[in-house]
Amino acid sequence: MTQQDDDRAPRGYHDLGGVGGGPVDMTEHVLEPWEKRVDALCGILVGKKCRLMTIDERRDAIETLGEDKYTSLKYYELWMAGTMNLLIEKGTLSQDEIDERMDQIRRRLGLEAEE
Amino acid sequence: MPTIGDHDHSHEDHERTFQPDEEDSLGYYAIAEMAVRELLIERGIFTADEFRRHLEVADHGNQALGAKVVARAWTDPDFKASLLRDGSVAVAEYDVEMLGHTRLYAVENTHDVHNVIVCTLCSCYPKPLLGLPPDWYKSRNYRARVAREPRKVLAEFGTFLPEGVTVRVHDSNADMRYLVLPMRPAGTEGYTVEQLEGLVTRDAMIGVTVVGAPV
Chain F
1 MTQQDDDRAP RGYHDLGGVG GGPVDMTEHV LEPWEKRVDA LCGILVGKKC RLMTIDERRD
61 AIETLGEDKY TSLKYYELWM AGTMNLLIEK GTLSQDEIDE RMDQIRRRLG LEAEE
Chain V
1 MPTIGDHDHS HEDHERTFQP DEEDSLGYYA IAEMAVRELL IERGIFTADE FRRHLEVADH
61 GNQALGAKVV ARAWTDPDFK ASLLRDGSVA VAEYDVEMLG HTRLYAVENT HDVHNVIVCT
121 LCSCYPKPLL GLPPDWYKSR NYRARVAREP RKVLAEFGTF LPEGVTVRVH DSNADMRYLV
181 LPMRPAGTEG YTVEQLEGLV TRDAMIGVTV VGAPV
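Just so you know, the sequences run in chain order F and V.
With our numbering applied, the first sequence covers 1 to 115.
With our numbering applied, the second sequence covers 1 to 215.
Each hint should be verified, as a subset may be incorrect.
[As the list claims (entries may be wrong)] Residues of chain F clear of chain V, computed beta-carbon distances all greater than 10 Å:
id: 1; residue: PRO10
id: 2; residue: GLY66
id: 3; residue: GLU67
id: 4; residue: ASP68
id: 5; residue: GLU89
id: 6; residue: GLY91
[What the hints assert, rightly or not] Each pair of labels, with its calculated beta carbon distance range:
id: 7; chain 1: V; residue 1: GLY164; chain 2: F; residue 2: LYS90; range: 50 to 58 Å
id: 8; chain 1: F; residue 1: ASP68; chain 2: V; residue 2: GLY44; range: 30 to 38 Å
id: 9; chain 1: F; residue 1: ARG107; chain 2: V; residue 2: ASP59; range: 23 to 31 Å
id: 10; chain 1: F; residue 1: THR64; chain 2: V; residue 2: ASP171; range: 17 to 25 Å
id: 11; chain 1: V; residue 1: GLY190; chain 2: F; residue 2: ASP56; range: 40 to 48 Å
id: 12; chain 1: V; residue 1: TYR28; chain 2: F; residue 2: GLY21; range: 23 to 31 Å
id: 13; chain 1: V; residue 1: GLY190; chain 2: F; residue 2: PRO23; range: 34 to 42 Å
id: 14; chain 1: V; residue 1: MET183; chain 2: F; residue 2: ILE88; range: 42 to 50 Å
id: 15; chain 1: F; residue 1: LYS90; chain 2: V; residue 2: VAL215; range: 52 to 60 Å
id: 16; chain 1: V; residue 1: GLU93; chain 2: F; residue 2: THR92; range: 29 to 37 Å
id: 17; chain 1: V; residue 1: THR166; chain 2: F; residue 2: GLN95; range: 48 to 56 Å
id: 18; chain 1: V; residue 1: VAL167; chain 2: F; residue 2: CYS50; range: 35 to 43 Å
id: 19; chain 1: F; residue 1: THR92; chain 2: V; residue 2: GLU163; range: 53 to 61 Å
id: 20; chain 1: V; residue 1: GLY212; chain 2: F; residue 2: GLY21; range: 26 to 34 Å
Just so you know, the hints here were simulated from the structure itself, not pulled from any lab data.
These numbers were taken from a predicted model, which means no experiment stands behind them.
By construction, the Cβ of each residue, glycine as well, lies at the ideal position given by its N, Cα and C atoms.
Required output: the full structure, derived from the provided sequences and hints.
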């Protein structure tokens, strides 16, 4: 989970406080519908009623996706990837049933299968 | 939004909902969300109606609520004291539910201290009061820089603080969310609470800017 950032302090790739960087891009984008759906789903799962996971658990799940994914996936892709891993880890859903349902949905929407 | 979340409808409705001219890229994770949502609704984990309500929040945000809280604090000393003592308790009367075990801390800007909030580890944000965070709040550069060189970052936002002012950067996390209580601008003495609300911006409540005097 952690990587050697310098000689002294092991630091995770998500642990950005103070590491420095370029100018802040202030451009904002309007969320796409799928991004709102991921936000809503993830919000429900950490909400008081479901409590299927905590916010910390989700953050940890995102931070343990690996640096490649952490730096290449979009924000809500990370949320969804982390949330799925947690649901599978907790035994709420299995990878197989998610895959199977994704295939059904792609057929239903007339999309080409991927992955 | 039309029928998303309503699973009594036919598959044709699905196709209409996701017609290609709607800007919605249906990549792997977008499809994964649909699959997970369908499965969890079928299990009775949550209902389609609950999903719809969460979607409304994602759709409309709620930064007006933050402005309401700030304007009230400017005009009601008891409320302000309560807000600074325990933010979660103070905002409860607005029917604001902080997610999970999150507590809200309001931090007050004064002539001597300016506060700014960040989440260096991820993107923790007082969503119930401000809606969804702006892209830059979640960006690598903001997270990586603001704690170390807040004045430089604020300058990029067009905010230049007098030299004697202490800048405090608050790093949010899953349990603690911050809201900046900006200074009430000069020249607003006769303003109604509603007029004051109109002056308060999201970015001032994050602390990357201040509430300007009315023009």
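Inset, instruction - Identify every previously stated hint that the structure contradicts and give their numbers, smallest first. - result: Per hint list: zero violations.
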